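Student: Top line first, the protein sequences correspond to chains P and C.
If you use my numbering, the first sequence corresponds to residues 1 to 234, in order.
If you use my numbering, the second sequence corresponds to residues 235 to 468, in order.
Check the hints yourself; a few may be wrong.
Calculated Cβ distances over 10 Å to all of chain C for the following chain P residues [stated by the list, open to error]:
(1) A103
(2) A146
(3) L187
(4) R231
Subject to a maximum C-alpha distance of 20 Å in a straight line, what follows is the list of computed SDA-like cross-link-like pairs (lysine to any residue) [unchecked claim]:
(5) C:K390 / P:K156
(6) P:K216 / P:P198
(7) C:K390 / P:V75
(8) P:K216 / P:V119
(9) C:K450 / C:Q411
(10) P:K216 / P:G226
(11) P:K156 / C:V302
(12) P:K156 / C:Q405
(13) C:K390 / P:I227
(14) C:K390 / P:R140
(15) C:K390 / P:P198
(16) P:K216 / P:I227
Which bits of chain C does chain P cover? Going by a derived footprint, with three or more residues having C-beta under 8 Å, they are [as the list claims (entries may be wrong)]:
(17) 420-428
(18) 449-462
Because the hints were derived from the structure by calculation, they are not lab data.
Just so you know, these numbers come straight off a predicted model, no measurement behind them.
Even for Gly, the Cβ is constructed at its ideal location relative to N, Cα and C.
There are 2 protein chains.
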Amino acid sequence: MGSEPGKPNDPAVVLLSGGLDSMVAAAIAREQGFRLNALTIDYGQRHRVELDAARRIAAALECERHVVLPLDLTVFGGSALTDDIDVPTGGVGAGIPVTYVPARNIVFLSLTLAWAETVGASDIFIGVNALDYSGYPDCRPEFIAAFERMARIGTKAGAEGAELTIRAPLQFMSKAQIAAEAARLGLDTGMSWSCYAPTAAGLACGLCDSCRLRQKGFAEAGIEDGITYERNRG
Amino acid sequence: MGSEPGKPNDPAVVLLSGGLDSMVAAAIAREQGFRLNALTIDYGQRHRVELDAARRIAAALECERHVVLPLDLTVFGGSALTDDIDVPTGGVGAGIPVTYVPARNIVFLSLTLAWAETVGASDIFIGVNALDYSGYPDCRPEFIAAFERMARIGTKAGAEGAELTIRAPLQFMSKAQIAAEAARLGLDTGMSWSCYAPTAAGLACGLCDSCRLRQKGFAEAGIEDGITYERNRG
């Protein structure tokens with residue numbers, strides 16, 4: 001959870017979903033001088049256009065390596081993002097939504113750990129965000145802290161003294177601040193993808209939680225979003 | 235880490251590698267009355283005969299469901315169990331051996347969590363063992379405790395109050411005690427597989443750490459092992 005920048009040229013592993021948040025988190029890692037190993041999980045998500053976005057971003061950020069790892073979480077079921085459950089479009093509600101994928105960030109962070117140990121990286125970047133976070137428990141700061149502690153105890157690197165650190169630079173930013181950070185870093189936000197339910201024409205729906213949070217963020221920041229929405233609800 | 239038995243007929247998720255320890259852990263879960271969901275990870279291990287062992291055991295223990303999940307950890311490299319690194323056969327040494335697979339139990343437990351949340355299971359069984367454990371950091375009791383704590387914070391089930399529990403019933407048993415436990419439970423130990431480096435004839439090598447620990451355990455318990463070794467070093 002440390003926020004101090006890493007040593008220049010140290011390797012880092014970055015979880016890159018292809019969304020706005022992971023793009024900004026990866027760009028921050030790069031700005032801090034890390035050499036980027038980007039990991040994207042192909043977990044059977046419905047919004048597969050995200051994977052193309054991840055590839056575009058990895059190339060644009062000059063990641064040293066980009067691994068797209070297939071992991072079929074649909075065998076377990078249980079989420080509107082992987083199952084035949086409808087993605088809600090009625091607005092962001094209270095509680096944990098049906099788009100929650102069971103233990104997703106736990107599984108994904110575990111995989112970054114496996115790679116980090118292999119390349120000798122002590123730093124893992126993830127674009128989780130505790131404010132506009134749709135109510136997912138695995139985005140909370142106390143989760144990130146508990147994961148980091150577990151990682152230091154349960155890995156060879158940690159047992160041998162490496163200070164494995166889960167860096168979540170967007171942790172306390174609003175979506176508006178993230179949009180502003182993207183602009184400051186000179187990122188083309190059109191490279192990223194956030195929509196849970198792309199339309200047949202390949203546009204962002206503008207109605208799902210993820211589109212609503214993103215649109216609201218850009219509107220509040222007074223910055224134009226690089227992607228096109230089918231419906232614009234601001 | 236609780237050791238009290240679960241309520242009869244509750245679902246549990248069991249990590250089933252196909253080895254002796256996971257077989258005994260699964261049989262203990264069954265004896266305690268849990269309905270078993272067995273998860274085997276096909277992670278590109280060299281000793282693929284383990285997967286067949288897992289299938290035999292899942293059938294024998296009447297698991298309600300057995301998922302063999304492909305997960306290609308070879309993309310990260312870094313272990314004699316998945317890479318072109320020779321498996322050592324010179325005896326169990328000090329320190330963490332080259333057969334350590336980076337973050338393996340962290341990744342595997344994370345996947346059991348995803349399934350546990352989906353089926354509403356609060357109990358996860360893993361056959362880790364802190365005594366004859368080959369020096370892996372992710373087999374230590376403090377790791378299991380840290381993982382459990384992280385899981386309760388980072389999952390929907392945990393956030394909603396479920397007492398997610400990682401049960402490691404073999405935690406403090408010696409290999410001899412595990413062999414005796416297998417006998418007590420009436421298990422055919424020939425169903426299980428432990429060898430890291432099976433011979434061309436499909437026999438256990440008898441020389442790798444895993445074979446040595448297993449043979450020593452059965453010898454100390456005075457129980458005959460159901461599998462056949464190419465070389466018997468006791």
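Student: Decide, hint by hint, whether the structure agrees.
Tutor: Evaluation of the provided hints:
The non-interface label for A103 of chain P is inconsistent with chain C: the shortest C-beta to C-beta separation is roughly 4 Å, within 10 Å. Non-interface call for A146 of chain P relative to chain C: violated, since the shortest CB-CB distance, roughly 4 Å, does not exceed 10 Å. Look at L187 of chain P: its CB is around 27 Å from the nearest CB on chain C, clear of 10 Å, so calling it non-interface holds up. No beta-carbon of chain C is positioned within 10 Å of the beta-carbon of R231 of chain P; the least distance is around 29 Å.
A C-alpha spacing of about 29 Å is found between K390 of chain C and K156 of chain P, which places the hinted pair above 20 Å, so the restraint is violated. In summary, the hint linking K216 of chain P to P198 of chain P is supported, as the alpha carbons are separated by about 18 Å, within the 20 Å threshold. Distance check on the hinted pair: K390 of chain C and V75 of chain P sit about 19 Å apart at the alpha-carbon level, within 20 Å; holds. Of the pairs offered as hints, the one joining K216 of chain P and V119 of chain P is violated, with about 38 Å between alpha carbons and a cut-off of 20 Å exceeded.
A threshold of 20 Å between alpha carbons decides the hint, and for K450 of chain C with Q411 of chain C the separation of about 11 Å falls inside it, so the pair holds. Simply put, K216 of chain P and G226 of chain P have alpha-carbon atoms about 14 Å apart, close enough for the 20 Å limit, and the pair holds. Our distance criterion of 20 Å between C-alpha atoms is broken by K156 of chain P and V302 of chain C, whose separation comes to about 26 Å. In summary, the hint linking K156 of chain P to Q405 of chain C is supported, as the alpha carbons are separated by about 19 Å, within the 20 Å threshold.
For the hint pairing K390 of chain C with I227 of chain P, the CA-to-CA distance comes to about 31 Å; that exceeds 20 Å, so the pair is violated. Pair hint K390 of chain C plus R140 of chain P holds up; C-alpha atoms about 12 Å apart against a cutoff of 20 Å. Only pairs whose Cα atoms come within 20 Å are accepted, and K390 of chain C paired with P198 of chain P is rejected, the gap being roughly 26 Å. The straight-line distance between the Cα atoms of K216 of chain P and I227 of chain P is roughly 14 Å, inside the 20 Å bound, and the hint therefore holds.
Only residues whose beta carbon comes within less than 8 Å of a beta carbon in chain P count, and the stretch 420-428 of chain C has 0; fewer than three means the coverage is violated. For the stretch 449-462 of chain C, the assignment as covered by chain P is violated, since 0 residues bring a beta-carbon within under 8 Å of that chain's beta-carbons and 3 are needed.
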